[in-house]
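Input sequences plus hints: build the corresponding full structure.
Protein sequence lines correspond, in order, to chains A and B.
For our numbering, add 448 to where a residue sits in the first sequence, where the first one is 1.
For our numbering, add 28 to where a residue sits in the second sequence, where the first one is 1.
Bear in mind the hints are in silico, worked out from the structure with no lab data behind them.
Hints are not guaranteed to be accurate.
Unchecked claim - Only pairs whose alpha carbons sit at most 20 Å apart, straight line, appear in this in silico DMTMM-like list of lysine to aspartate or glutamate:
#	chain 1	residue 1	chain 2	residue 2
1	A	Lys-586	B	Asp-36
2	A	Lys-586	B	Asp-40
3	A	Lys-586	A	Glu-597
4	B	Lys-457	B	Asp-513
5	A	Lys-586	B	Asp-37
6	A	Lys-586	A	Glu-573
7	B	Lys-243	B	Glu-214
8	A	Lys-586	A	Glu-567
9	B	Lys-243	B	Asp-190
Bear in mind the structure is a predicted one, so any value in this text is a computation, not a measurement.
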Amino acid sequence: MHARIDAIYRVSNAIVGDEADARDATQETFIAAWRRIRELRDPDRFDAWLQRIAVNSARMTLRARGRRLVREIPAGDVAALAMAADRATAERSDADILATALDTLPTDQRTILVLHHLEGHGVAELAEILAIPVGTVKSRLHTARRALESALAADGIAR
Amino acid sequence: MTQPDWGDDRLDAAFHARFDRPAPSNLTMDVHVRIAGTSPARFGSLRDSPTWSLVAAAVVVVLVAGTALIGLAGFGRSGGPPLPSDVSASAPAPSATPTEQAIPGVVLGLPLIRVPDAIAIRDAGVDDREIAVAGWFTPSIRPVLRCAASLPTRPLQIGCGDDSMWLTLDAEPLIHRIGQQIGGSEPVGPALRPDLSGLDVSWQPADFGIGSNGKSVPTDVVFVGHFDDRRAASCPEMERTACQDRFVVDSVAIVHGVQQPASTVVDSQGTTSTDADVSAIIANEAPGSPILSMELVDGPTGLATIEPSLGTGQEGLIGQPILWLVRVLESERAVTYIVIDGSDAIYEMNPEGRAILVGGTPPRSEATASPGPWPPAGALVLDLPNGIGKPPVRVAIVDDSGRFVSAMEQDPPTISPGGRFGAYAEPDKPGRVNLTWVGGICDSRITIRIAADLRSITFDMGPQPDCDSIGVARELIMHFSGTVDVPAIQVGEGTAGASPPPPQGPENVVDCGPLGPDTCQAKAHDIVAASPGKSILTITFTDECGSYTATYVNGNGIAATIDCIPGASPG
Numbered sequence: 449m450h451a452r453i454d455a456i457y458r459v460s461n462a463i464v465g466d467e468a469d470a471r472d473a474t475q476e477t478f479i480a481a482w483r484r485i486r487e488l489r490d491p492d493r494f495d496a497w498l499q500r501i502a503v504n505s506a507r508m509t510l511r512a513r514g515r516r517l518v519r520e521i522p523a524g525d526v527a528a529l530a531m532a533a534d535r536a537t538a539e540r541s542d543a544d545i546l547a548t549a550l551d552t553l554p555t556d557q558r559t560i561l562v563l564h565h566l567e568g569h570g571v572a573e574l575a576e577i578l579a580i581p582v583g584t585v586k587s588r589l590h591t592a593r594r595a596l597e598s599a600l601a602a603d604g605i606a607r
Numbered sequence: 029m030t031q032p033d034w035g036d037d038r039l040d041a042a043f044h045a046r047f048d049r050p051a052p053s054n055l056t057m058d059v060h061v062r063i064a065g066t067s068p069a070r071f072g073s074l075r076d077s078p079t080w081s082l083v084a085a086a087v088v089v090v091l092v093a094g095t096a097l098i099g100l101a102g103f104g105r106s107g108g109p110p111l112p113s114d115v116s117a118s119a120p121a122p123s124a125t126p127t128e129q130a131i132p133g134v135v136l137g138l139p140l141i142r143v144p145d146a147i148a149i150r151d152a153g154v155d156d157r158e159i160a161v162a163g164w165f166t167p168s169i170r171p172v173l174r175c176a177a178s179l180p181t182r183p184l185q186i187g188c189g190d191d192s193m194w195l196t197l198d199a200e201p202l203i204h205r206i207g208q209q210i211g212g213s214e215p216v217g218p219a220l221r222p223d224l225s226g227l228d229v230s231w232q233p234a235d236f237g238i239g240s241n242g243k244s245v246p247t248d249v250v251f252v253g254h255f256d257d258r259r260a261a262s263c264p265e266m267e268r269t270a271c272q273d274r275f276v277v278d279s280v281a282i283v284h285g286v287q288q289p290a291s292t293v294v295d296s297q298g299t300t301s302t303d304a305d306v307s308a309i310i311a312n313e314a315p316g317s318p319i320l321s322m323e324l325v326d327g328p329t330g331l332a333t334i335e336p337s338l339g340t341g342q343e344g345l346i347g348q349p350i351l352w353l354v355r356v357l358e359s360e361r362a363v364t365y366i367v368i369d370g371s372d373a374i375y376e377m378n379p380e381g382r383a384i385l386v387g388g389t390p391p392r393s394e395a396t397a398s399p400g401p402w403p404p405a406g407a408l409v410l411d412l413p414n415g416i417g418k419p420p421v422r423v424a425i426v427d428d429s430g431r432f433v434s435a436m437e438q439d440p441p442t443i444s445p446g447g448r449f450g451a452y453a454e455p456d457k458p459g460r461v462n463l464t465w466v467g468g469i470c471d472s473r474i475t476i477r478i479a480a481d482l483r484s485i486t487f488d489m490g491p492q493p494d495c496d497s498i499g500v501a502r503e504l505i506m507h508f509s510g511t512v513d514v515p516a517i518q519v520g521e522g523t524a525g526a527s528p529p530p531p532q533g534p535e536n537v538v539d540c541g542p543l544g545p546d547t548c549q550a551k552a553h554d555i556v557a558a559s560p561g562k563s564i565l566t567i568t569f570t571d572e573c574g575s576y577t578a579t580y581v582n583g584n585g586i587a588a589t590i591d592c593i594p595g596a597s598p599g
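Here it is as structure tokens:
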């Protein structure tokens, strides 16, 4: 149970990009799983089934959550923050650089990259989790990878 | 420093470095509590089970135990629709009726529950998750009633005849005929008020199912739907709870034991798209999610009756001649998508009632850019007499406050207005606004818009043909829910078109950036509205999702980040 919660939380966090939302998505995943457990025909495919629910829950969380986080800061700090961010770019780790680039991608592209690179799923498993044909997985994975590379390059961080 | 290209190995390593961390320690406990409503010990004993099938079985056990703990109804019943005694049992009883034989225990992936269980969910708090409820349905007797004047102006309001529509636990005969008269009675046992708007109801029996004995026989059904619909927010305040408690049916899943296809209601002619086209668009946006129902509406007159929040012209959808409203089951909730007929443009209604473009390209049309038809969708229209031989003056009242209840003309006016437009309150009538104005005999259609904060009422006097008009004093008595601070209301002339008034103050210093101009204005308006008492100097949008920086006149600023879903219009 713990191992599965870790895995679902990891995927959720990578897709929604926020720990609090990842908690919510993880909970929704397991609640949905027990409500729909009778749909599961083959227990051996449980993990793929659960990950599919997790992807849907993460997606719904992204859509449902408040879209705006507002904080009030002195006007001068707005510019200062931007400069600080520029300086920090050069010093960021790969993990931070990746996170920034991922944030610019559509949810579907981020999802397929997370499932492939973080969870290590091959195209057949991705097809099962995402309920799309293998050929579609290949094309979407290719497109997502190109988009990620573009995002990295656009930020001046692909070296 | 030179770094290698982003190859697979580097990407994999970055992914793991960024995201490979365990779940928070208390998350497991939270999951247990939410699943079972009980302590984790029950689950913990199964933690190390060798196969998931055992864990899955345990989950079902915990489900049933948890369900009992929160006090859902017992399973003994008399005359109600049959159900398996627990969700893991699917074999029908030997004496099963058609529904008993058909109900699999799970409908569209949702565990089947009965009316008392649904009532428990409704009363447990705000919860808009989809549930599948079996029961006996009694239709509305509205078709035989004369009550057009009291038809509801907002979805989910219980209007004329709706109070006879029920989903009951037991097969209660609630409609009766005596002579030529048809009447209804309230159920004795547990019952829900369903809302079947937008669904095909051709499965209902003729003549309300009234038999030769003059009593109705309800219909054995399974409805999939939800409580706490987001549109309840548009109901008048005093009716809001009733609207939230309405069981909004998204799919009529089973009738008399027979599984039903997804409902499609066509209210428009000459569609360009087909069901299959729209289904494909939905499948692309929500892969693997079942369509619960489809409804075709025309934008100008139909959309706001279903989605009131779109009546102000948001995204220009009310300018589109034909729209497909599709309800889809996604992660336990019904999501409403709107597809513009003849295009691949698809919008998703978000919980705040905004239509978010999530795919495709909206067609460009003159209708989209026009201020919209008259009367505006969702408006209450009154006809005021205009002298013998003259057509009446049509007055459309557009309510953005959600508090407007009704209006009637005071003829002749009680007092003469001091200016061209005015409002006054009567003593001991806190929910009443007496609205006065000086019109003319050339008036033909007037639009009155009530602001969301009820701080202003604006008049659009409509087309004024070239004629010498004689001033005519008018007065409307308007009723609102709650107390109204009448002296604080500013009344005057303005453009009460399809769009909400532009934001106050920053309209000349809004930098839309990559945000579209229409969305930009709407967002700027929201930002101003969210900053009461502050004067905003500039608003600059920085990306297509609507992230912005704003500065106040006092030199402070606000920075906002939007959880961007690229490709989607910002909400």
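For a quick check of understanding: which of the numbered hints are violated here, in increasing order?
The structure breaks none of the hints.
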